[in-house]
Amino acid sequence: SVESVEEVVSELSRFWGEQAQWETDSGDHPHEAHYLKLDCSKARTKLGWAPCWDLTTALRKTAEWYQAYRKQPQKIREKTLEQIREYMKEQRC
36 SVESVEEVVS
46 ELSRFWGEQA
56 QWETDSGDHP
66 HEAHYLKLDC
76 SKARTKLGWA
86 PCWDLTTALR
96 KTAEWYQAYR
106 KQPQKIREKT
116 LEQIREYMKE
126 QRC
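Take the sequence shown: its position 21, counting from 1, is numbered 56 in the working numbering, and each next residue is one higher.
The hints are simulated quantities; they were obtained by calculation from the structure and are not laboratory data.
Nothing here was measured: the structure is a model prediction, and the numbers come from that model.
Using N, Cα and C, we set each Cβ at its ideal position, and we do this for glycine too.
Wrong hints could be hidden among the right ones.
When the alpha-carbon atoms are kept at most 20 Å apart in a straight line, the in silico DMTMM-like pairs for lysine to aspartate or glutamate are as follows [to be verified]:
hint : residue 1 : residue 2
1    : Lys96     : Glu46
2    : Lys106    : Asp89
3    : Lys96     : Glu113
4    : Lys72     : Glu117
5    : Lys96     : Glu117
6    : Lys96     : Glu125
7    : Lys124    : Glu99
8    : Lys72     : Glu41
9    : Lys106    : Glu38
10   : Lys110    : Glu121
11   : Lys81     : Glu117
12   : Lys72     : Glu121
13   : Lys72     : Glu46
14   : Lys96     : Glu67
15   : Lys72     : Asp89
16   : Lys124    : Asp89
17   : Lys96     : Glu121
18   : Lys114    : Glu99
19   : Lys96     : Asp63
20   : Lys96     : Asp60
21   : Lys110    : Glu99
22   : Lys81     : Glu99
23   : Lys110    : Glu125
24   : Lys72     : Glu113
25   : Lys77     : Glu38
26   : Lys77     : Asp89
Label pairs and their calculated CB-CB ranges [what the hints assert, rightly or not]:
hint : residue 1 : residue 2 : range
27   : Ile119    : Thr91     : 15 to 25 Å
28   : Trp57     : Gly83     : 33 to 43 Å
29   : Ser39     : Tyr122    : 21 to 31 Å
30   : Trp57     : Thr92     : 12 to 22 Å
31   : Glu42     : Trp100    : 16 to 26 Å
32   : Ser61     : Glu113    : 37 to 47 Å
33   : Leu82     : Ser61     : 36 to 46 Å
34   : Trp100    : Ser76     : 39 to 49 Å
35   : Val40     : Ala85     : 17 to 27 Å
Start from the sequences and build out the full structure, keeping to the hints where you can.
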């Protein structure tokens with residue numbers, strides 16, 4: 036699926052909670068491509084890999100990881116291993 040940067044940021048903000056907000060800055064910026072793409076096709080082609088988590092799940096897990104890191108950075112290894120185990124359970128896709 037193709038999602039805009041705005042859609043990705045909005046979804047991530049929803050999972051972040053805590054009154055997360057974002058805004059676009061209309062000031063002068065270095066040139067960027069008009070179309071930004073997260074693409075795993077090379078991994079699919081070269082390694083036979085495909086993601087098991089859809090974008091929504093991946094964004095939710097990302098927000099969970101960063102929130103865990105902010106709250107207890109000394110325990111982030113445990114959170115990381117937990118998420119890896121969850122992902123590996125779903126590797127049957």
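Now for the hints, and whether the structure bears them out:
{"no.": "1", "hint": "Lys96 with Glu46", "result": "holds (12 Å)"}
{"no.": "2", "hint": "Lys106 with Asp89", "result": "violated (26 Å)"}
{"no.": "3", "hint": "Lys96 with Glu113", "result": "holds (14 Å)"}
{"no.": "4", "hint": "Lys72 with Glu117", "result": "violated (28 Å)"}
{"no.": "5", "hint": "Lys96 with Glu117", "result": "holds (11 Å)"}
{"no.": "6", "hint": "Lys96 with Glu125", "result": "holds (14 Å)"}
{"no.": "7", "hint": "Lys124 with Glu99", "result": "holds (18 Å)"}
{"no.": "8", "hint": "Lys72 with Glu41", "result": "holds (13 Å)"}
{"no.": "9", "hint": "Lys106 with Glu38", "result": "violated (30 Å)"}
{"no.": "10", "hint": "Lys110 with Glu121", "result": "holds (17 Å)"}
{"no.": "11", "hint": "Lys81 with Glu117", "result": "violated (27 Å)"}
{"no.": "12", "hint": "Lys72 with Glu121", "result": "violated (26 Å)"}
{"no.": "13", "hint": "Lys72 with Glu46", "result": "holds (16 Å)"}
{"no.": "14", "hint": "Lys96 with Glu67", "result": "violated (28 Å)"}
{"no.": "15", "hint": "Lys72 with Asp89", "result": "holds (15 Å)"}
{"no.": "16", "hint": "Lys124 with Asp89", "result": "holds (15 Å)"}
{"no.": "17", "hint": "Lys96 with Glu121", "result": "holds (10 Å)"}
{"no.": "18", "hint": "Lys114 with Glu99", "result": "holds (9 Å)"}
{"no.": "19", "hint": "Lys96 with Asp63", "result": "violated (33 Å)"}
{"no.": "20", "hint": "Lys96 with Asp60", "result": "violated (27 Å)"}
{"no.": "21", "hint": "Lys110 with Glu99", "result": "holds (13 Å)"}
{"no.": "22", "hint": "Lys81 with Glu99", "result": "violated (30 Å)"}
{"no.": "23", "hint": "Lys110 with Glu125", "result": "violated (24 Å)"}
{"no.": "24", "hint": "Lys72 with Glu113", "result": "violated (31 Å)"}
{"no.": "25", "hint": "Lys77 with Glu38", "result": "holds (19 Å)"}
{"no.": "26", "hint": "Lys77 with Asp89", "result": "holds (17 Å)"}
{"no.": "27", "hint": "Ile119 with Thr91: 15 to 25 Å", "result": "holds (19 Å)"}
{"no.": "28", "hint": "Trp57 with Gly83: 33 to 43 Å", "result": "holds (36 Å)"}
{"no.": "29", "hint": "Ser39 with Tyr122: 21 to 31 Å", "result": "holds (26 Å)"}
{"no.": "30", "hint": "Trp57 with Thr92: 12 to 22 Å", "result": "holds (21 Å)"}
{"no.": "31", "hint": "Glu42 with Trp100: 16 to 26 Å", "result": "holds (20 Å)"}
{"no.": "32", "hint": "Ser61 with Glu113: 37 to 47 Å", "result": "holds (42 Å)"}
{"no.": "33", "hint": "Leu82 with Ser61: 36 to 46 Å", "result": "holds (40 Å)"}
{"no.": "34", "hint": "Trp100 with Ser76: 39 to 49 Å", "result": "violated (25 Å)"}
{"no.": "35", "hint": "Val40 with Ala85: 17 to 27 Å", "result": "holds (23 Å)"}
In summary, the structure is inconsistent with hints 2, 4, 9, 11, 12, 14, 19, 20, 22, 23, 24, 34 from the numbered list given earlier, while agreeing with the others.
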